[in-house]
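Engineer: Protein sequences, first through last, are from chains A and B.
Numbering that gives the first Met the number 0 numbers the first residue of the first sequence as 0 and each following residue consecutively.
Numbering that gives the first Met the number 0 numbers the first residue of the second sequence as 0 and each following residue consecutively.
Each hint should be verified, as a subset may be incorrect.
[Claimed, not checked] Anything over 12 angstroms on all C-beta distances counts as not near chain A; from chain B, calculated: (1) Arg2; (2) Arg24; (3) Asp84; (4) Gln89; (5) Gly99; (6) Asp106; (7) Ile154; (8) Arg165; (9) Pro214; (10) Ala237.
[Claimed, not checked] Covered stretches of chain B (chain A as the covering partner; in silico rule of three or more C-beta atoms under 8 angstroms from a C-beta of chain A): (11) 39-51; (12) 63-72; (13) 139-149.
Just so you know, these hints were derived from the structure itself, not from any lab.
Heads up, the beta-carbon is just placed ideally off N, CA and C, and yes, glycines get one too.
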Amino acid sequence: MKGFFGYNPGNSILHRLNPLTKIVISIGLCLSCFLTRSHIVILAVIAFNLLLSASAVGLKRSLKMLLSLVKFSAVLFVVQVFFVKQGNVLLRLPPGVIYITDKGVLFSLLFALRLIAAAMPLSAMLSVTRISDISNVFVRSLRIPYKYAFVITTAIRFIPLFSEEMTNIMEAQTARGVQFDTKNFLKKIRLLLPLCVPLLISSVRKIEGGAISAELRGFNLRKRTSGYKTYPFGWSDAAALAVCGLIVALTVFV
Amino acid sequence: MLRFENVFFYRESANTISEVSFDLREGEFAALIGENGAGKSTLCRLCNGLLKPASGRVTVCGHDTATVSTSRIARDTGFLFQNPDMQLCQNTVYGEIMFGLEYALSDPEERKRRTGEILELFSLDGGRDPFSMSRGERQHVALASILACKPRLLILDEPTTGLDYRECVTIMGIISRLHSDGTTILMVSHDMEVVADFAVRALVLSKGRLIADGPVRQIMKDKKVLDEASLLPPQIPALAMLIGGDFSDVLTADEMAETAERAVRQKGARK
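Using the sequences and the accompanying hints, generate a full structural model.
Structural biologist: Structure follows, in structure tokens:
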């Protein structure tokens, strides 16, 4: 299960940390970019995220992840930049009603950078933590009932599955002559609409199958102590949390 | 019709294809066989440009897949996926068949006429919802919607998987009739009985390499090739090989019955 939400096997320091530590760190790093309004600080957080991710899953995959986030954020930046009307006008587009201001650019840039900085630690955490470990630690350490933990982790697990399903459906439709290989983005979006039906149907079928098989394997019998895995809290976890706390504090005070 | 010239393909998410070369001529019925993970589905996706070769060249109906878009290639090439749910996207069978034709034909009257023809040929009720049909029926609708576009080359990725015997015979009967009418067919199948009964030529793939290419009759008796590809011959040729003699060339049940009858008659005449 590779991709943006996929687990990447490995034995790095991040892989060996307690899953709960990793969850707290990722939430902490997400929060840090919302506690500051400085573009430079957010850029520094992004650089730290990239370093963290590269140390665990390699620079190539980390850069790929960053690039996809940059592309998505760029689209949001373009949409956002036309909605802020305060500040000095930098560019006026014909017929003159639509314009870009300096404040608009700065705000949209902050918005886009925050999105990148907030999504990176989440993706990095999922790439170094098994979904089953996340689910187990929710049940064992946070005492969340198993069925709710299962819902959270299944939602994460299903994202790459849906994405793969969508790719397969698009391939099948392209092979029928539907022009998904067009360069026109708007046309592609229009062509995507009828595909919601097969995606929905196959997803519902998959979920129904998953629910039945979970029932058959004694889903309702599972209790907090059912799991055999333990997740000890070590010095490395304490150190990692301290570093994370320091970063959050720095973003508040810098 | 379809030509692979020293094709090499590698991707993390797909099986590797290396140095594959073959030429599928117009009107041929070839089966692509091999173990799981041999690269059969990857090779099929290379045929219509869904995947592009890393090196080498794939030419289909005169189009180079590296330069021509898949949607353009689709006007001449039909592709039936293993899972029909990937293809079906309309609320009625009629709409489903029309959907494919919208991209292939510009004349609305011609589209309606062709849809009517296909519904009649496949004995389908145009008003039914494809998603409430059985797996076999959905496969039927998917095949019907492809055939409505009258492809010159038909690529079938395991068309009989998950079908019962009756559904399998119906689908293969339609495919066989198409072949008789001149359509070129490339079929991936794990069902060696189906391959022996319907295909004329077999391409054997093992670990991404084409290890054998020849008449099905010859491949089914080649123990070395079948072993290398982790394949078992169908029961009839396997039995025929065990008996040997006049039976050594037997491939299908009908041939087995004929040869056995001949052998009994000859023995009776000698007595």
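Engineer: Each of the hints needs a verdict: does it hold here or not?
Structural biologist: For each hint, the structure was consulted:
1. Against chain A, the non-interface label of Arg2 of chain B holds: every CB pair exceeds 12 angstroms, the least being about 19 angstroms.
2. Residue placement check: Arg24 of chain B keeps its beta carbon more than 12 angstroms from all beta carbons of chain A (closest about 22 angstroms).
3. Its beta-carbon lying about 5 angstroms from the closest one in chain A, Asp84 of chain B breaks the requirement of being farther than 12 angstroms from that chain.
4. Not every beta carbon of chain A lies more than 12 angstroms from that of Gln89 of chain B, the smallest distance being close to 7 angstroms; the non-interface claim is violated.
5. With a closest Cβ-Cβ approach of about 5 angstroms to chain A, Gly99 of chain B is found to fall inside the 12 angstroms limit, against its non-interface label.
6. The Cβ of Asp106 of chain B sits about 16 angstroms from the closest Cβ of chain A, beyond the 12 angstroms cut-off, so the non-interface label holds.
7. Not every CB of chain A is more than 12 angstroms from the CB of Ile154 of chain B (nearest about 8 angstroms), against its label as outside the interface.
8. Under the 12 angstroms C-beta cut-off, the non-interface status given to Arg165 of chain B relative to chain A holds; the minimum distance is some 23 angstroms.
9. The non-interface label for Pro214 of chain B is consistent with chain A: the shortest C-beta to C-beta separation is roughly 29 angstroms, beyond 12 angstroms.
10. Remark: the non-interface label on Ala237 of chain B is consistent with the geometry, its nearest Cβ contact in chain A lying 36 angstroms away (cut-off 12 angstroms).
11. Under the rule that three or more residues need a Cβ within less than 8 angstroms of chain A, the assignment of the segment 39-51 of chain B holds, with 3 such residues.
12. With 3 residues bearing a CB less than 8 angstroms from a CB of chain A, the segment 63-72 of chain B meets the requirement of three and the coverage assertion stands.
13. Counting residues of the segment 139-149 of chain B whose CB lies closer than 8 angstroms to any CB of chain A gives 3, which reaches the minimum of 3, so the coverage claim holds.
Of the numbered hints given earlier, the model fails hints 3, 4, 5 and 7; all others are met.
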